[in-house]
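What follows is each chain in one-letter form.
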Amino acid sequence: MRHVVAAACAVMAMACGTFSTKARRSLNVTAEVLVATDRTASELYRDASHLALQVSHDAAEYHRRMAEYDELETVLRAAHIALLASQAGLDIYDSTSSRGDFFSSVACLSAALGDIVARLETITGDSYPALESALSLLGQYSGVCDEQFATN
Amino acid sequence: MSNSQLTDALQIVANLAQMIRGVTAAIVAKQPERIEAIVPRTLRTTLERHAAEAAAAMKFDDHEGD
Chain A
1 MRHVVAAACA
11 VMAMACGTFS
21 TKARRSLNVT
31 AEVLVATDRT
41 ASELYRDASH
51 LALQVSHDAA
61 EYHRRMAEYD
71 ELETVLRAAH
81 IALLASQAGL
91 DIYDSTSSRG
101 DFFSSVACLS
111 AALGDIVARL
121 ETITGDSYPA
131 LESALSLLGQ
141 YSGVCDEQFA
151 TN
Chain B
1001 MSNSQLTDAL
1011 QIVANLAQMI
1021 RGVTAAIVAK
1031 QPERIEAIVP
1041 RTLRTTLERH
1051 AAEAAAAMKF
1061 DDHEGD
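Quick mapping for you: the protein sequence lines, in order, are chains A and B.
Residue 97 in this note's numbering sits at position 97 of the first sequence, and the numbers go up by one each step.
Residue 1017 in this note's numbering sits at position 17 of the second sequence, and the numbers go up by one each step.
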């Protein structure tokens, strides 16, 4: 019986505490934060575009008025792509034990989240603690972002 | 080993198996989800941008054509 209990504990420890599982949980939290941020950003974008459409005299003025909102949308999209890339990096880790792709993707994800915080703070003047928490959570996976998730 | 002892031993094993099944189910239920299950395929903000740019193109193209 002792062996059975020991085996069960080992299975539990693996399921609860592996690098991959912890990292996936961090990505899950980040994904939830991104969804909530996207909801806020979409409302900001809609309000700004309605106003810009009403007051602008030509397309150039409209695009000038929407520039910082367009940048916000672009960095949100970059974070979305980097999040999926980070998950793919973990899938690679699960099959090869190589963490390089994951660390690199997470570094790009962190950079994109930092850009989102900066742009939202510029637009609204508010702080975004949930995004800051997600950034802290990802900080434990240090890496270098050697890929630009260009979305233009 | 008497029949009674054997029955007790089998009962212990059955209980243990049930406990392990429960723990396993709990662990599986708490496994992280795939990102695709959490995040939409296209962000709401992107959809708003597409809609707004289409509206702007329609409005200003019409004016420029006048």
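Just so you know, the hints here were simulated from the structure itself, not pulled from any lab data.
What you are looking at is a predicted structure, and each value in this text was computed from that prediction instead of being measured.
Note that the Cβ used here is the ideal one computed from N, Cα and C, for glycine as well.
Do not take every clue at face value.
Claimed, not checked - Chain A stretches covered by chain B per the calculated footprint, using a threshold of three residues with CB under 8 Å from any CB of chain B:
# : segment
1 : 25-35
2 : 72-82
3 : 107-117
4 : 132-141
Structure-based check of all given hints:
no. : hint    : in the structure
1   : 25-35   : holds (count 7)
2   : 72-82   : holds (count 5)
3   : 107-117 : violated (count 0)
4   : 132-141 : violated (count 0)
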